[in-house]
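Engineer: Turn these sequences into a full structure, and let the hints steer you where they fit.
2 protein chains.
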Amino acid sequence: MQRKNLGDMQCPIARSLERVGEWWSILILRDAFQGLTRFDQFQKSLEIAPNMLTKRLNALVESGLLERRQYSEHPPRDEYVLTERGRDFRPVLWALLAWGNKHFAPEGASVVLVDSETGTPADPIMVDRTTGRPLTELAFKSAPGPAADERTRRRHAARSPS
Amino acid sequence: MQRKNLGDMQCPIARSLERVGEWWSILILRDAFQGLTRFDQFQKSLEIAPNMLTKRLNALVESGLLERRQYSEHPPRDEYVLTERGRDFRPVLWALLAWGNKHFAPEGASVVLVDSETGTPADPIMVDRTTGRPLTELAFKSAPGPAADERTRRRHAARSPS
DNA sequence: CAGTATCCTGTCCGATACTG
DNA sequence: CAGTATCGGACAGGATACTG
Numbered sequence: 001m002q003r004k005n006l007g008d009m010q011c012p013i014a015r016s017l018e019r020v021g022e023w024w025s026i027l028i029l030r031d032a033f034q035g036l037t038r039f040d041q042f043q044k045s046l047e048i049a050p051n052m053l054t055k056r057l058n059a060l061v062e063s064g065l066l067e068r069r070q071y072s073e074h075p076p077r078d079e080y081v082l083t084e085r086g087r088d089f090r091p092v093l094w095a096l097l098a099w100g101n102k103h104f105a106p107e108g109a110s111v112v113l114v115d116s117e118t119g120t121p122a123d124p125i126m127v128d129r130t131t132g133r134p135l136t137e138l139a140f141k142s143a144p145g146p147a148a149d150e151r152t153r154r155r156h157a158a159r160s161p162s
Numbered sequence: 001m002q003r004k005n006l007g008d009m010q011c012p013i014a015r016s017l018e019r020v021g022e023w024w025s026i027l028i029l030r031d032a033f034q035g036l037t038r039f040d041q042f043q044k045s046l047e048i049a050p051n052m053l054t055k056r057l058n059a060l061v062e063s064g065l066l067e068r069r070q071y072s073e074h075p076p077r078d079e080y081v082l083t084e085r086g087r088d089f090r091p092v093l094w095a096l097l098a099w100g101n102k103h104f105a106p107e108g109a110s111v112v113l114v115d116s117e118t119g120t121p122a123d124p125i126m127v128d129r130t131t132g133r134p135l136t137e138l139a140f141k142s143a144p145g146p147a148a149d150e151r152t153r154r155r156h157a158a159r160s161p162s
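As they're listed, the protein sequences go chains A and B. Here my numbering is used: position 61 in the first sequence is 61, and no number is missing along the way. Here my numbering is used: position 6 in the second sequence is 6, and no number is missing along the way.
Check the hints yourself; a few may be wrong.
Identical chains share a label here; the pair holds if one copy fits it or two copies do between them.
Listed below are the simulated BS3-like cross-link pairs for lysine-lysine, each with C-alpha atoms no more than 27 Å apart in a straight line [to be verified]:
1) Lys102 x Lys141
2) Lys55 x Lys44
3) Lys102 x Lys55
4) Lys44 x Lys141
Note that these hints are calculated values from the structure, not bench results.
Structural biologist: As structure tokens, then:
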């Protein structure tokens, strides 16, 4: 994610990608949601080179998605736990999961989402929180928000497909 | 996304990342949903180097997210339109948008989701399609699906935080 | 206008070796 | 066990020049 002009990235999607743009980061978060917390757990699960894991973990900590928690003093040992910001990332993973299952699992789903108590499979879709109306391509679009600058505003004005 | 063992990636999230793991890809899709279709529209909007744009567009076409559509014969000119697979990616963008707005927009949201007819802002959340129940961290977890192999099964068995 | 062709730099990433 | 240090390769990504 080496970009020249991070400053002008008003778009929230671009800003999100600044934090999780590298795909290792997302896989680490996925595993963190599975309950993994320790360095070697991640390493074994991901088969990632240790130096890369260090780098990605540090980046996630700096971005505030993971929190280092010392569980041993001598020697000093840390584990990595999700912060609130990290936990809020889960819908993105759910969306990726659903999309992957639909389009890239010809042999059937290998991982599904289930109700943790009943075990019933769930089928995640996005709705508007207040109305409960499903978000569909046609019914909803993105638009400049209250804090949009002139550039962002123009972007949207130029070509909104209705 | 140069990985040694793509073959053993049963995880649907990892498979998704194979297609959209590079952050330019996601930004291109974002713009495609804004209605952009042509090379120079993307280039101006993203300020991306033309060779990179070519590469990413080709990758998205190969992955079946975009479709090349010739709109001129002499000279041959293509535009890039979303396929169904590409359009199905939208929930991921919505999730990223919501997450970015919540966590990385101290000055307020610059881009929001609105009802395309009324203009009312929407607040996207994920629910189970059949029950309508909101997906929360505690109520739902991922689990091996019908097509899970032994490895995937063990992964989940090892440590499900209930 | 819609790209292709080169060249270059940074860094992502893997492999390996080492340390308390 | 939980990392750090170092090396090297591949490629993402940028800049620029060129073409029908």
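Engineer: Give me the numbers of the hints this structure contradicts, sorted from smallest to largest.
Structural biologist: The structure conflicts with no hint, since it agrees with every one listed earlier.
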